[in-house]
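Undergrad: Knowing the structure of chain A, use the given hints to seat chain B on it.
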Amino acid sequence: MDSALSLHRLHFAFTITYHYIFPQLTMGLAPLIVIFKSLALRTGDERYNRAARFWAKIFAVNFLFGVITGVPMEFQFGTNWARFAQYAGGVIATSLAMEGVFAFFLESSFLGIFLFGESRFGPKVHWLAAFMVFVGSWVSGFFIIVTDAWMQHPVGFEIAANGAAHLTSFWALLFNEWALWQYLHTMSGALVTGSFTMAGLGAFYLLSRTQEEQGKMFVTLGVSVALAASTFQLWPSGDQHGQLVTKYQPITLAAMEGLFHSETGAPIVLVGQPDTDRQKLDNPIYVPKALSFLTHRRWGAEVKGLNEFPRDRWPDNIPLLYYCYHIMVGLGTIFIAIAVAAGFLLWRKQLFGARWILWILMLTFPFPFIANIAGWITAEVGRQPWLVYGLLRTENGFSSHVSAGNALFTLIGFMGMYTVLSVLYLFLMWREIAHGPEFLTGSNAGASVERLSPTAGV
Amino acid sequence: MVIAYVVLDGFDLGAGIISLFVARTHDERHLILRAIGPVWDGNEVWLVAAAGALFFAFPPLYAASFSGFYLPLMIVLWLLMLRGIGVELRSHVDDPLWWSFFDFVFSFSSVLLAIFFGAAVGNVVRGVPLGADGYFFEALWTDFQVGPHPGILDWYTVVIGLLAVAALTVHGANYVALKTEGDLRARTSGSQPSLVAACDPDRVELGRESVYPAARHQQFYFASLGMADSGDGSGLFNRAAALPRAEKGPSRIRRVERLYYRHSWWGGLRTLPCPTARKHGSAL
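Top line first, the protein sequences correspond to chains A and B. Note that our numbering gives residue 62 to position 62 of the first sequence, counting from 1, and the numbers run on in steps of one. If you count the second sequence from 1, you need to add 1000 to reach our numbering.
So here's chain B without its partners, still in its complex pose:
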C-alpha cells in the first residue's frame, strides 16, 4: 500500500512541485490541476489505507512509529490539509489573487511533503533510538549530525528528502508532459534531464557510505520494532531478509540496497525501501 501510495500520489506531488516553475500563467497552472484533479484524492486514499493497514496488521509498529515520529507526522498532516485546500478551493472563486494564493499553497506544501516523506525514508534506513519499552521519540532536529542524538532532520535525511523532491518531480513531470501539450509540455520535458541527473544513484551511494561507518562507530543502532520476523511473504521483503545474516555492515547493506535498485525501474520508485527497511530494521 505504501508502494501504491508512492507511485500514485508521487506524481501529483511532483506535479505540485513543478507547477510553480514550468507553468507560467494561471491557465497553465489550472491545466496541471485539471490533470491531477480527478485522481489526486483517490491517490491520497492509499496513504490513509496504508496507515489503517499498518494499524490493523501491526499495532505495536503503528503505535511505536507514529508516536516516535510525532512531530513530523503532525506536520505532514498539516501539509496534506493545506494541499487538499490548495487543490480543491482554487477554482471556487474566479479571481487571480485567489488563484495565486492557492497555487502557492499547493506547490509549497507539495515540496515540503516530498522533503518530509524523503526524510522519513532516511530515518527508517538510518534507524531510530528505540527504548527498552519498544518506544522512542525523535526531536525534529538536534545537531544535524548522524550521531548519538538523532533528530528527524540531519544532513543525511535532508539529503534523502531533497532526493525525494527530485525523484518525485521527475515522476510528476512525466505525468504532466503526458497529460498536457504545447509550451507547458515543452518546458516540462526540458526540465527532465537535469532532474534525472539529480537522482543519480551514485550520489546517494556516496551519502550512505559515509553514514553507515559513522553510525556503526558510534554504536548507533537500528530500528528493531520486534517486527523483523513477522514475515509477510512478499518477494522483495523475503529476498532482502534472506541475505546471509553473517554479512554485517556496509557490504550487507549495499547488497540489500542493490536488490531495491534492481526492483526500481526508475527514479520515483527509488524511495521504496521505506516499508522494507522498517519491517526488517533489525536485519539491517
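Chain A on its own, in the form it takes in the complex:
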C-alpha cells in the first residue's frame, strides 16, 4: 500500500466510509420523524411531538457531522482524482451539483425551520418542514446514487474529441436502470439503520427503566419499520440489484461469490475463505444450486466463474470483496430474523416485558452501520479495476502528479481530524441520550435547543 494509486484509493475510501456513518442515519431517521409528526398532527398527542423533537436533535448533530465530513468528498474529485474529474466531469458534475443544491439549500434551510420554528409557525408548517427535510435528504441521496450508478453502469453519454465524456441525455442519466435499484437498496439500507437505532435506543430506555413511555414508542416504531425495511432489503431490492450485477458485471458476481470456476447448478457459499493464488475456497459451507437459481432463476443454470475472464479484468482485491459481500448479506439475514421475532412479540403485546429481545435490539444497533458500509465496499471494490465501468481504469484516474508522500500526509491528517470528531460526536450523542426526550415540552424545546446551540442547527 505504498504506491500513489493505493494511497489515493485509501484516502477516498477512508473519508467516504467515515462520512457515510452520518448520512445513512439522517436519511433513515428523516422519514421516522415525519411519521411521529404525522401521528402528532392526527391525534394531537403531545408525546409524539416530544419524540419528534428528540430525534430532530439527534438528526441535527448527525447532519452537522455529515456536512463537515461531506465537504472534503466534493473536493477530492479534483484533488485526488483529477484525471477522473477531467474525464467524467461532463457527466457526474451535473448530478453532484444537483446534490449540492438539494442537500445544502433545501435540507439545511428546512432543518433550520424544523429545529427553531415550532412555536413560531404552528403544527402544520412544522410538519411540512419535517417533510421537506425528509425530501431534501432523500433527493440528495438520489443524486449521489445517480453519480455512482453512472460509474457502475455508464449510460447517456458520448466520448468527445478531447477524450472526455459528455452527457447526451440527462434523463438517461437519471433513469439509469442501475440507479433505480441501487437507490432503493441504499435507501432501505438507511431505513434499516434508522429504525434499528431508534428501536435500540428505546430498548435501552426500557432496560434502564428511564424514559419508559418514550422508550415504548421508539421500540414500536423502530421494530415496525425495521421489519418492513429489512425484508425489502433482501427482496425485491437486493435480489434485483443482484440481477443487474449478474447481467452487467458477471466478473464481479463471480468474485463476490468466490466462484473461481464456472459451474452448472452453482452452490451459494455461506462461509469460507477465498484463496486467490490457488483459486479455491477453503472451509466452504454451501447451499447446493442456490446461486444458479438466484441469478438465473433455474436450479441447473450455468454461472460463469472467474476462470472465464482475463485476469486483468478481475477485481484487484477479491478477498475484501468476498468478505464485505458476505458480511452485508449475513447481517441482513440476521436483521430480518431479529425484526420478525421482535415484530411477533410486539403483535402479541409481549415485547416490552421480554427483556431478552430488548437486549438483542439494544446490542444490534451498531450492526446496520457495518452492513451498509460493507455493502458500499462490495459495490465499489466490485467495480475495480474500473473507475468508470468498462471505460476508465482506476490507475488512469488518480492525480498522478500528487505524490504518494503528499497523499499519505493528508490521509494521516484526515485520520487525526476524524479521531477528534469521533470523540466529540460520541460525547454529544451521549449527552442527548442521557438528557432524553421526556422533558422536551413544546414551549421550551426551541429555547433549550437554542441554549444548546447558538446557531441554526447545521
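No wet-lab data here; the hints were simulated from the structure. Some hints here could point you the wrong way.
Output of the computed footprint for chain B on chain A, the stretches with three or more beta carbons under 8 Å from beta carbons of chain B [as the list claims (entries may be wrong)]:
| hint | segment |
| --- | --- |
| 1 | 74-80 |
| 2 | 91-98 |
| 3 | 404-413 |
| 4 | 422-432 |
Backbone N, C-alpha and C define an ideal beta-carbon position, used for all residues, glycine too.
TA: Same frame as chain A, now just chain B:
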C-alpha cells in the same frame, strides 16, 4: 459564486479573527457567535456551491487547480472543519474551559483561513508552473522567492494573505459593529482605522510592482489552463479580457487591476481578482 462567498463568508471569517481581540469576556464572544450563528453555514454553502459550479462548468480547470493546489486545499478543508466545530459546539456545554478552547479554535482557524485564501489569490495572480499535460503541482513553500521554483507560500503570496486578513477583519468588524452594542461595539469600531490603513492599495501596488518584473525576468509564466477563451459573459471579466493584448507586462497588469479597484468599492472586495485572474491567466 466566489464573489458571493467572499462577501458573505468574508464577514464571519473577519468576525472570527477579531473575536479574540475585541471581545474580552465569554459573554462578548458568545455575542459575536450569536451574530454570525444563523448565517455562517449559509455563507459557507457558497464555497461548496462554487466548487461544485467550477466542476460543473470547467472540469479541466477544476481538475488542474484542485490537484495542483493539493496541500493548501486540504489544509483549508481541515481549517473549515475546525471552524465549523468551533462555531457549532461551543455552546453545547456550559463550561468556561470548553468555551475558551472553542473560542481559540474558531479564531485561530479563521485567521489561517484568511491567510490561505489570500495566498490563493496571490498564487493565481502570480501564476503557476503549468506542465505540458495541463497539470501542475506546487509545494507549500520552497525558498519563499518568486522565482523558478514557486511554492504556494512565498513572500508575495504571504503579503497578500496578510492583506486578506486585514481586509476581512475590516469586513467582519463592520458586521460586528452593526450587530452589537456597548463596549464590544466601541472596541470594534476603534480597531477599524488601523485595519483600513493596513489594506492601503498603494502598499499592495508596491508589492506587485516588484513581483512582476522579477517574474518576467525569470521567464515565469502565468497560468494558462486553456480556459482563457471560455468567455462567460460577465461584464468585469470581459472588460478585463478586452484590454488590448499588445500591451504586455506591468502596464497592462496595472490597467487590469485598476479595473478591479474601480469595481471594488471597499476593502473586503479587493480580494476579488481571484476568479478573473484564474480564468484569464493567459491573458495576463
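Undergrad: Counting residues of the segment 91-98 of chain A that have a beta-carbon nearer than 8 Å to any beta-carbon of chain B, does the count reach 3?
TA: holds (count 4)
Undergrad: Checking C-beta pairs, does the segment 404-413 of chain A have three or more residues closer than 8 Å to chain B?
TA: Coverage by chain B holds here, the residue count being 4 at a Cβ distance below 8 Å.
Undergrad: Against chain B, does the segment 74-80 of chain A show at least 3 residues with beta-carbon separation below 8 Å?
TA: Since 6 is at least three, the answer is holds.
Undergrad: Within the segment 422-432 of chain A, is the number of residues with a Cβ closer than 8 Å to a Cβ of chain B three or more?
TA: holds (count 3)
In summary, the structure agrees with every hint in the numbered list given earlier.
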